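Engineer: Spelled out, the chains give:
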Amino acid sequence: NAGVMQNPRHLVRRRGQEARLRCSPMKGHSHVYWYRQLPEEGLKFMVYLQKENIIDESGMPKERFSAEFPKEGPSILRIQQVVRGDSAAYFCASSPPTSGRGKTQYFGPGTRLLVL
Amino acid sequence: QQPVQSPQAVILREGEDAVINCSSSKALYSVHWYRQKHGEAPIFLMILLKGGEQKGHDKISASFNEKKQQSSLYLTASQLSYSGTYFCGTEQAGGGNKLTFGTGTQLKVEL
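Those protein sequences? They're chains A and P, same order as listed. So the first sequence is residues 1 to 116, counted in this note's numbering. So the second sequence is residues 117 to 227, counted in this note's numbering.
In isolation and in its complexed conformation, chain A is listed as follows (with noise of 0.2 Å):
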């Protein structure tokens, strides 16, 4: 059973170009949520999404920030213009489709940003 699936695992981008990031969620898993690490820091939530529906975004930056689950393939995060402080690791997580509160997240092995 594969687990959470994060592609790619190292991005180097310029100083305003676009950076995407790419989450397959577990198999059967229809719950995605994108997390911001800073180096030696602790994750920051961003964003929960499930199939086409943005439930939750209110962690997620005003401008240049953002997120999608479409009905086929993986969910992405997208930053535009990206800045040397979106340097970080964006770990996604994903949970079953049970309905209720305290499911589960199973992480990605992360997408490593660096902005030059």
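Don't read these hints as lab results, they were simulated from the structure. Take these hints with a grain of salt, some might be off.
[Claimed, not checked] Just the calculated beta-carbon pair ranges, DEER-fashion: (1) A/I54 to P/E226: 20 to 28 Å; (2) P/G167 to A/P8: 17 to 25 Å; (3) P/A125 to A/N53: 20 to 28 Å; (4) A/P61 to P/L227: 38 to 46 Å; (5) A/K44 to P/S177: 43 to 51 Å; (6) P/G210 to A/M5: 28 to 36 Å; (7) A/G102 to P/H154: 27 to 35 Å; (8) A/I76 to P/P123: 34 to 42 Å; (9) P/Q117 to A/K62: 16 to 24 Å; (10) A/K27 to P/E130: 31 to 39 Å; (11) P/G210 to A/T98: 13 to 21 Å; (12) A/V83 to P/E130: 43 to 51 Å.
[To be verified] List time: in silico DSSO-like cross-link candidates among lysine-lysine, alpha-carbon distance up to 30 Å: (13) P/K166 to P/K142; (14) A/K71 to P/K166; (15) A/K51 to P/K214; (16) A/K27 to A/K71; (17) P/K214 to A/K71.
None of the values given here were measured: they were computed from a predicted structure. All C-beta atoms, glycine included, are put in the ideal place defined by N, C-alpha and C.
Place chain P on chain A using the hints.
Structural biologist: Coordinates of chain P only, in the frame set by chain A:
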């Protein structure tokens, strides 16, 4: 506001025990514990739901006091493989499914 973990760091000899605490200022629905090794993904250890549930997994167990909004992770007879950074992730009551992660506890187990 993120949960506060203590201690920030701890060094153990193999076979020793440790307790890691997680304290929140918000009412909680659940607490999730993860271990992360440098450069790797956080690995799920266990989840505790409100109701004072105590769970165990091999030599790692945890408790959750919802009235005090605190959780503790107990590591018994530590092994070298236990080294890493431990994070608690809290799910706030009324806050949806997102997790708010703590400040982290660095654990190093030595021979």
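Engineer: Run every hint past the structure and note whether it holds.
Structural biologist: The hints, checked one at a time:
no.: 1; hint: A/I54 to P/E226: 20 to 28 Å; verdict: violated (45 Å)
no.: 2; hint: P/G167 to A/P8: 17 to 25 Å; verdict: violated (42 Å)
no.: 3; hint: P/A125 to A/N53: 20 to 28 Å; verdict: violated (40 Å)
no.: 4; hint: A/P61 to P/L227: 38 to 46 Å; verdict: holds (45 Å)
no.: 5; hint: A/K44 to P/S177: 43 to 51 Å; verdict: violated (28 Å)
no.: 6; hint: P/G210 to A/M5: 28 to 36 Å; verdict: holds (32 Å)
no.: 7; hint: A/G102 to P/H154: 27 to 35 Å; verdict: holds (29 Å)
no.: 8; hint: A/I76 to P/P123: 34 to 42 Å; verdict: holds (39 Å)
no.: 9; hint: P/Q117 to A/K62: 16 to 24 Å; verdict: holds (20 Å)
no.: 10; hint: A/K27 to P/E130: 31 to 39 Å; verdict: holds (37 Å)
no.: 11; hint: P/G210 to A/T98: 13 to 21 Å; verdict: holds (19 Å)
no.: 12; hint: A/V83 to P/E130: 43 to 51 Å; verdict: holds (44 Å)
no.: 13; hint: P/K166 to P/K142; verdict: holds (13 Å)
no.: 14; hint: A/K71 to P/K166; verdict: violated (34 Å)
no.: 15; hint: A/K51 to P/K214; verdict: holds (16 Å)
no.: 16; hint: A/K27 to A/K71; verdict: holds (14 Å)
no.: 17; hint: P/K214 to A/K71; verdict: holds (22 Å)
The structure fails to meet hints 1, 2, 3, 5 and 14 from the earlier list, while all remaining hints are met.
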